[in-house]
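Q: Take the sequences, apply the hints, and build the full model.
2 protein chains.
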Amino acid sequence: MSVAPSTSAEPSHLTGPSGPTEVRGLTGIPGLTRVENTDPAVLAARCAELTRPAYPHQEVYGRYCTIHEYVDCPPDEAYAYLRQGHHLEEWTFSLRNFAPTGTAGLWVGDDLLEAQTRIYCRVETNAEARTVDFHCSWDQGEKLWMIYLMRVVPAELVLDRPGSVITWTNCRHPFYDANPRPDLAPRSDRAWVGAYWDLFYAGHTVELANLKAILEHRHLGGLPVSVPPRPAGAATGPAVAQ
Amino acid sequence: MSVAPSTSAEPSHLTGPSGPTEVRGLTGIPGLTRVENTDPAVLAARCAELTRPAYPHQEVYGRYCTIHEYVDCPPDEAYAYLRQGHHLEEWTFSLRNFAPTGTAGLWVGDDLLEAQTRIYCRVETNAEARTVDFHCSWDQGEKLWMIYLMRVVPAELVLDRPGSVITWTNCRHPFYDANPRPDLAPRSDRAWVGAYWDLFYAGHTVELANLKAILEHRHLGGLPVSVPPRPAGAATGPAVAQ
Numbered sequence: 040m041s042v043a044p045s046t047s048a049e050p051s052h053l054t055g056p057s058g059p060t061e062v063r064g065l066t067g068i069p070g071l072t073r074v075e076n077t078d079p080a081v082l083a084a085r086c087a088e089l090t091r092p093a094y095p096h097q098e099v100y101g102r103y104c105t106i107h108e109y110v111d112c113p114p115d116e117a118y119a120y121l122r123q124g125h126h127l128e129e130w131t132f133s134l135r136n137f138a139p140t141g142t143a144g145l146w147v148g149d150d151l152l153e154a155q156t157r158i159y160c161r162v163e164t165n166a167e168a169r170t171v172d173f174h175c176s177w178d179q180g181e182k183l184w185m186i187y188l189m190r191v192v193p194a195e196l197v198l199d200r201p202g203s204v205i206t207w208t209n210c211r212h213p214f215y216d217a218n219p220r221p222d223l224a225p226r227s228d229r230a231w232v233g234a235y236w237d238l239f240y241a242g243h244t245v246e247l248a249n250l251k252a253i254l255e256h257r258h259l260g261g262l263p264v265s266v267p268p269r270p271a272g273a274a275t276g277p278a279v280a281q
Numbered sequence: 040m041s042v043a044p045s046t047s048a049e050p051s052h053l054t055g056p057s058g059p060t061e062v063r064g065l066t067g068i069p070g071l072t073r074v075e076n077t078d079p080a081v082l083a084a085r086c087a088e089l090t091r092p093a094y095p096h097q098e099v100y101g102r103y104c105t106i107h108e109y110v111d112c113p114p115d116e117a118y119a120y121l122r123q124g125h126h127l128e129e130w131t132f133s134l135r136n137f138a139p140t141g142t143a144g145l146w147v148g149d150d151l152l153e154a155q156t157r158i159y160c161r162v163e164t165n166a167e168a169r170t171v172d173f174h175c176s177w178d179q180g181e182k183l184w185m186i187y188l189m190r191v192v193p194a195e196l197v198l199d200r201p202g203s204v205i206t207w208t209n210c211r212h213p214f215y216d217a218n219p220r221p222d223l224a225p226r227s228d229r230a231w232v233g234a235y236w237d238l239f240y241a242g243h244t245v246e247l248a249n250l251k252a253i254l255e256h257r258h259l260g261g262l263p264v265s266v267p268p269r270p271a272g273a274a275t276g277p278a279v280a281q
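Line order of the protein sequences matches chains R and P.
Just so you know, the working numbering puts 109 at position 70 of the first sequence, and the rest follows in order with no gaps.
Just so you know, the working numbering puts 213 at position 174 of the second sequence, and the rest follows in order with no gaps.
Worth flagging that the hints you see were computed from the coordinates, not collected in a lab.
A quick note: this is a predicted structure, and the numbers were derived from the prediction, not measured.
A hint or two may mislead.
Same chains, same label: a pair holds when it works inside one copy or across any pair of copies.
Within a straight-line C-alpha distance of at most 20 Å, the following computed SDA-like cross-link-like pairs (lysine to any residue) qualify [said to hold, decoys possible]:
#1 Lys182 / Gly233
#2 Lys182 / Pro193
#3 Lys182 / Leu223
#4 Lys182 / Tyr215
#5 Lys182 / Ala138
#6 Lys182 / Trp231
#7 Lys182 / Glu195
#8 Lys182 / Arg200
#9 Lys182 / Asp199
#10 Lys182 / Pro201
#11 Lys182 / Leu196
#12 Lys182 / Pro221
#13 Lys182 / Asp222
A: Shown next as structure tokens:
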């Protein structure tokens, strides 16, 4: 879907803070920084203040955690791989043994980061935008609040080279800081997933490196990038759920 | 669209580096960090190394620049606003006066950051994923390489509160570092857009604050969040392109 800027062809005549745009609804909105009310030199000074040699961990990764990686694998293949949840068992550090639950679309597996810990997962994808969102939670599948927002972007468009850029964003849901259902923990000394939030930048970087290694090894080696799910049993063939 | 992990119900039995997953295609892929080959304590140590008190600007914003903002405005309204390109004239610092070109979906306006500079823009959106990608370029509209990848995420899902999280990612296309068409510059001393890359974190933060201020002012004030495009002429009503 392509949507154009829908402004009419008539150029406006910038007339300062009381110019046409202000008349049309920006009057009274405090805090706007626009060329009509801010000299570019003032903006430059503000940007210089905001730009620092370095940024504290909490400032960059405290509330949101986004990482990016270039992968030498075509976006359609990378997306096809990422969207299939069983591949989590390949590229994540510790998610394994997914199986369907009684609820359509909801799967449950083990997060081997903590012994006896079950992780529930539903995958929401959009082929056109190439978004892949993993809606997960530990211990229960009623409210999936650990959401891994990923997207495969054609590197041709954004980096002028073949392959994909994969972005991965997590937001610090309040349940990271307070387990809403401690009664569901498999054991009283099991660490809560939120204890790992400050390591998400690092941990996800390791996992995204896994993803890159797998996709590039297979694509550059001429192998199929996606693999079938594990067989349901020794005597049966691969079970494909979709 | 919802896609489930498609792994079968049979639990695998982890058997170390030569276990089932390796047999199924990970053998020979170097550099994988997985629970089968890496003790969690080793991963923890690696994550501790990767996690630092602070990160240099170039490391965080040098190649990719993602910023995030919570906005107290429902995701459908925030998305409807963002996807309409004429609103760029409200929330950006310096994009103004968009008008259609002869090419369907391609618009051209002024980037008042630099005098006499034209910016071409096409907006690609996806209502289901709520992605809004602005494909832009200065000076010419044949190759739109300045791509602003944005997404509106329901805060209810990721932060357990009403409203939206808006993410905004730019990737450092090589043209930022070398103008491929210096002959199209309107004047010989016009600064190139790539000269601003290192200020994108700051500049986009200012613009995302504009976006938040506008959306919250209107939503919380009970006003329509979106506004019609500027009138095409004094005697005509608002022109809506979509």
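Q: Check each numbered hint from earlier against the structure, then list the numbers of those it violates in ascending order.
A: none
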